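Each chain, letter by letter, is given below.
Number of protein chains: 4
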Amino acid sequence: MTYANQLLPREKVFRDPVHNYIYVRHQVILDLINTPEFQRLRRIKQLGTSSFTFHGAEHSRFTHSLGVYEIARRICNNFQRNFPSEVAGDGKWDDSERLVALCAALLHDIGHGAYSHTFEHIFNTDHEKITQQIITNPGTEVNAVLSRVSPNFPEQVASVIDKSYPNKQVVQMISSQCDADRMDYLLRDSYSTGTSYGNFDLTRILRIMRPYSDGICFDMNGMHTIEDYIIGRMQMYVQVYFHPVSRSMEVILNHLLLRAKDLYHDGKLEPELTPYLLLPFFDDQFSLDDYLELDDGVLNTYFIHWKHSDDDILSDLAHRFIDRKPFKSAKYEQENLETITRLRGLVADCGYDPKYYTGVDNSFNMPYDSYDTKKEIHDAQIKLMNLDGTLVGLSKVSDLVRVVTNKIVSEDRFFFPREFLKSDKQTDLFLPVHEQFRKYIKNDHIINE
Amino acid sequence: MTYANQLLPREKVFRDPVHNYIYVRHQVILDLINTPEFQRLRRIKQLGTSSFTFHGAEHSRFTHSLGVYEIARRICNNFQRNFPSEVAGDGKWDDSERLVALCAALLHDIGHGAYSHTFEHIFNTDHEKITQQIITNPGTEVNAVLSRVSPNFPEQVASVIDKSYPNKQVVQMISSQCDADRMDYLLRDSYSTGTSYGNFDLTRILRIMRPYSDGICFDMNGMHTIEDYIIGRMQMYVQVYFHPVSRSMEVILNHLLLRAKDLYHDGKLEPELTPYLLLPFFDDQFSLDDYLELDDGVLNTYFIHWKHSDDDILSDLAHRFIDRKPFKSAKYEQENLETITRLRGLVADCGYDPKYYTGVDNSFNMPYDSYDTKKEIHDAQIKLMNLDGTLVGLSKVSDLVRVVTNKIVSEDRFFFPREFLKSDKQTDLFLPVHEQFRKYIKNDHIINE
Amino acid sequence: MTYANQLLPREKVFRDPVHNYIYVRHQVILDLINTPEFQRLRRIKQLGTSSFTFHGAEHSRFTHSLGVYEIARRICNNFQRNFPSEVAGDGKWDDSERLVALCAALLHDIGHGAYSHTFEHIFNTDHEKITQQIITNPGTEVNAVLSRVSPNFPEQVASVIDKSYPNKQVVQMISSQCDADRMDYLLRDSYSTGTSYGNFDLTRILRIMRPYSDGICFDMNGMHTIEDYIIGRMQMYVQVYFHPVSRSMEVILNHLLLRAKDLYHDGKLEPELTPYLLLPFFDDQFSLDDYLELDDGVLNTYFIHWKHSDDDILSDLAHRFIDRKPFKSAKYEQENLETITRLRGLVADCGYDPKYYTGVDNSFNMPYDSYDTKKEIHDAQIKLMNLDGTLVGLSKVSDLVRVVTNKIVSEDRFFFPREFLKSDKQTDLFLPVHEQFRKYIKNDHIINE
Amino acid sequence: MTYANQLLPREKVFRDPVHNYIYVRHQVILDLINTPEFQRLRRIKQLGTSSFTFHGAEHSRFTHSLGVYEIARRICNNFQRNFPSEVAGDGKWDDSERLVALCAALLHDIGHGAYSHTFEHIFNTDHEKITQQIITNPGTEVNAVLSRVSPNFPEQVASVIDKSYPNKQVVQMISSQCDADRMDYLLRDSYSTGTSYGNFDLTRILRIMRPYSDGICFDMNGMHTIEDYIIGRMQMYVQVYFHPVSRSMEVILNHLLLRAKDLYHDGKLEPELTPYLLLPFFDDQFSLDDYLELDDGVLNTYFIHWKHSDDDILSDLAHRFIDRKPFKSAKYEQENLETITRLRGLVADCGYDPKYYTGVDNSFNMPYDSYDTKKEIHDAQIKLMNLDGTLVGLSKVSDLVRVVTNKIVSEDRFFFPREFLKSDKQTDLFLPVHEQFRKYIKNDHIINE
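Residue numbers (UniProt numbering), protein chains in the order written: chain S, 1 to 449; chain F, 1 to 449; chain R, 1 to 449; chain A, 1 to 449.
Chain S extracted, bound-state conformation:
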């Protein structure tokens, strides 16, 4: 029996709040879960700063990764039960693809780091590249496990994740408009936040999903279920992922890391506050091992130290992030950019450095890159299969989906300290400036004069 085929004497399960149980039968999968690189995901929150808004959103990327694996496993089971390939190239499911699919599902996010998006923005890291490295770099335990399957197996798994793998069914199972990744995070984020928006009909989607020669499609009679999933996803974006308070905390985090980096490069960061594990990133010379040492707790530990800095801006921003003191914000359109310049001026008038105390945030630096709203429009459509086997694109038959696909779901916001919006008249020393500021905001929108 080869390592690839080695099954556990009895299937092992992980109790999961979303899928009830996650079933593991392959020794390979169990070994991957037990690597330090995968266990590290326990220390990285799936939703970053969202738990500052939805306090229940404390789940980790570890939990989500197990869930993606489990959905992929169920898809394989369903394909094998209902659409087993009989002749090579018949467009049905070839179950010898199962292991590569399951490994890719489990590992698709393994390169994520603490507060990924902000971190990447400031330190020029790229979690997708790091995912590829963790899988293919001979120094990792993940690579060691995969290599035991076969010498080129790590490359195969990596190619599924970067979408270059030849079998499109496997690729689309892990990354497409309706894949195991998205399905798990919608359900899990809904469960953790206690909202119902992402709670679509998983079992039915699995049932109407089917392999075909060029990937994965769905039965036409399940069109409305897919539609419901797409709308649910959009709802999660507008109601949860893009919540202004979470984005505000993201802005503060960005400014905090930026300030620390600036101070470091100016030689002004106190020695006792040196973030040793971050230095390779400050110096723009980091190794994979450096990257794998980081997690949410490590970063927060530095922030806790920085609350004691003599630099007022650093200590204040650290306090705002650790103790949750978000900025306020208002929506704006491109035509208000001049007003924003004026508002920054007013912020400066009150003694704040606008570089660190204001910010704009839009869809180009959205915190959740797995949903690239821009790309999605041009992405391969979800395909529906008629009773006679012909295929049709989802947006052809669904008016609702057409609306969603023609639109970027996002809103641009300008962030600033709280007192500019609300202050106590009796005690506010800068009341005239604040009142001037407020004239430019109406119904949560920045307006021109």
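Please note that a few of the clues may not be correct.
Treat identical chains as interchangeable: a pair holds within one or across any two.
Said to hold, decoys possible - With a straight-line cut-off of 20 Å between C-alpha atoms, the simulated SDA-like cross-links for lysine to any residue are:
#, residue 1, residue 2
1, Lys12, Arg74
2, Lys396, Leu279
3, Lys12, His243
4, Lys422, Asp388
5, Lys331, Gln80
6, Lys328, Gln39
In case anyone wonders, no lab produced these hints; they're calculated from the structure. A quick note: this is a predicted structure, and the numbers were derived from the prediction, not measured.
Could you slot chains F, R and A onto chain S? The hints should help.
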């Protein structure tokens, strides 16, 4: 309008997966939530090492504390609606007690630290005393908020938590056999782990709960609902809280901190691995501020550093904890203690220091002190009220509860490295010792020769 | 204390799977629930023939009516807590309207009969008129209870239901685009069928709902929650309520009652099969008492008898309905009407009378009239309130809702016996006719030649 | 391909609120579901009079029967995946037993009639015998379907249900202390009533269940999960199934049918009120076909007619049942029997015939026979398997279960008209008698003088 009576212009809500919404109307409550001491609870897991077994158990003490507040709020509402006091001393609910009850509910766990039980065991801290300090010490923001209500309000809130407050209804709402604390953690831990054992009928319990002159009792016709809650609690203990793998990780954590402390006192801990925030605890001279700097992430950050120690034991234990390599274990009874001595010897024979590589764990150092099985037996009984107003103790009328109260729910376990239980015959260098070891274990029990 | 103000000594509850508990404090409400007219709703299924498709959909109109009451009660509580009227005419909530609102909510469906829509179609009954009669007719117990409140109270309750009541907040609470009725049936039908489509965020909708001078509106920041509810409702229509198999059973029911009526008027219905309780309806001379004797079980009892009729069509249709032998169907557009005529001819060629063995069904005789897609378009819009108090229509701000409102959610279908679509080639005597029939159907659509 | 092996081209599903989907792959199963005998179960409520107390409990025996099938199917899948027989007689699962197991699971309740227990009590029917007849009698469609599998297949299926089938794994899957039947009804009744008591951990029970040479046992490490299920079952009995109001309606039903039968035999039942479909039962000469014509709706239809009887007792009892006017009740012990005689006398003093207006109800005529508390004590124990393969009885290792098994869960109650417990002093003509009556009742118990 006094600060105590100051209501928000419109009630504020926190979306919660267990209670749907948590409602806040008092400015005092909102201000308490926004203190750094309370926000710190976001960075401390409610169930410590349990998430190593139940991966979903990633929720924090912050989340739980909000939940306890919400249940207390609902109890107050229900008491006020159905049993409002008309004359002082009539044994009904006096709604002027509401604010002190809500504050105590919110703050009852505020003194908890990272991995509380193990930490306390090694560093002689006491989270209950620290809770009292955070509330009554003039240096904290919590104290500042409470003092605005009235100068002696902090002491009042603290006295509810230490059970010396005169109104027993308020005290029992927060700490008794069936209180807001226990009710929230059972529901929340069930929800997060994805198990159903703790999922009792909260709404009905709230409905049958009633104030009386000496505290809180329950309608007799709800007896079976209370019974169900008690059994559910016991199930959570045996199935979740006392899970051998979580306890194993707790043992490793204990040994890891112990080793670091030993090395430090022997001057053998490498300078670059110095855990600065822990030093006051290593030196047994810590302030409240020192304590409030710690959280799960800070400790884990040190452990990540310690993986690189030259001390083999420290680096190995740090690796076991961070990368989840639990010990195995077996149950034992008092009559097997001699066998355990022998097993420790066998562990030493394979080159392991038994001080750091074996352990026993029993109900006296259980990780979840809020359920003191010993005390519970002698605790004030849950009281049931007959239709004619007479009271009777729960264990008088429930056979099931009688069984539970006559029994300590716990099991003693002996922990040791994995290979002593399972190893590969071909490659195991110590096979003869391991096989000798295994002779003493049968059906998960240590047996005598 | 007047009867209107008479509260139960302690609130009474009804355990409910959707709302957990339904709370009753008014003696009036409890007395209404205990009337025979209201208890009769236990014997009428909420979703008629839907349980032939979704077997869980067995819940009654009784259950739903309690649920509508409960949602209305929560709306009143919320309005009273957050928006209490201070001066008459200030556009806020006047809690003296509570009782009339609760009674109207409870009784809004009391005129529904067994298999309402089909029954009304054949016997010219009108459940809305009957609702008015049950409330205002001095012969009913419902009227007796309401009259105890005040002589004109029955008329007031009735006027809320027919929308002529002056207070628009009360009217819209019971019937509008987002009312207690619709909210309960979506949640309840989702729960019973085991589908998730109608499972919107009730608590949040209640939270963003607010009274204003001309009715009920919603906070602008809750726009996406309303949107989610609207889309969820549409999904329930297309996925559950309009399911072809349920509609097929509705067609059979229609034809069965029609055949019985035809036979009766031709004097050909066997005396021992006489449906005594239906005769007033066959004769088009029924009283309110006649109507109140009917329920699902009474009609089914006659159908069970009719299975023994010597009239082949009557007995066959009765068998089809009682033993669930649905027709098959296909969609058609107006341009296919000629084809349908041809298909009817082919059905006749096989010996079936097309009057009883084929049928068309479209949105004009949809089984669930509470959602009049036609009317909805012109209906008063859902209003959203900006932070500055200005109002805007939902479809102005929601692209998704605009799509839904510009479209009638329905599909026209043609129904026919199963064998015309599927039969066993070996044994099918009419195979050539069936094969000719099948040429006109492609991908579940009727096509022209 | 034989009929037994004939699989549907693609699995068919039934949407289910408890199990999400019910999967059907065998043509035989689909054909059985489509028989009139099985469809008839749609018209019979699973919980009889319980919906008078828990209004959500409106689900039918059809729904439950599908659920039992589904659980049995999952057990088979699990057995086949983890414990497939390799050699005949090795005590593992032989998958050629699957079809007989699934058919027995589906059909185990097919002989149930309307309001089974009361009906059987009065008319000497026996739903277990009728189940056997429906399966083995050549006149039924169920028999026709089963006979197509093989001539002796009907007998095999019937023998599984009457427990004489040789393979004990199959028998215990359908009827034992922890079988598919009980597991489904606990979950389903919990779901419908909206209570949580019966909501045990199905997935884990399926996981720890295993075949052995003499039937089905469970892994020792799952002991507490079984314990939780047993306690949950007991809770459903005391909190839901034995609810005094449901039992009161059962008493009224009993007296109503008894009165009608008495009148009929005395020739005093008005001709126009003749219950034709019941006559064979009144005359004690019924055929299987007669039995299969009855359902809840048919009986209720007669009751609706009987409300118009000139016989005051018949019309009053019919009104009480149809319009839900339950009797009140109190618990009694054997030592109070004399008091009960006295209370009956007082009831008679107020003009009521105690034969029809009082009743006692105890565990010997409990409405839910599938749980025979008496028998259970002596029943084959649930067996747990140690790691070394040895077996031990559940009550040996579970203190909680030992308590339950040593006790009959039931309470004897005496029923009587409402006004004897509560009446309006001003208007009560029989106040002195009522007050005398009330002296014998204290805290819901009948007491001796």
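Okay, the hints, checked on the actual structure:
1. Lys12 x Arg74: Result: close both inside a copy and across copies, 15 Å intra and 17 Å inter.
2. Lys396 x Leu279: neither (52 Å within a copy, 51 Å between copies)
3. Lys12 x His243: between (38 Å within a copy, 16 Å between copies)
4. Lys422 x Asp388: Between copies only: 15 Å across, 62 Å inside.
5. Lys331 x Gln80: neither (49 Å within a copy, 32 Å between copies)
6. Lys328 x Gln39: Intra 36 Å, inter 19 Å, cutoff 20 Å: inter-copy only.
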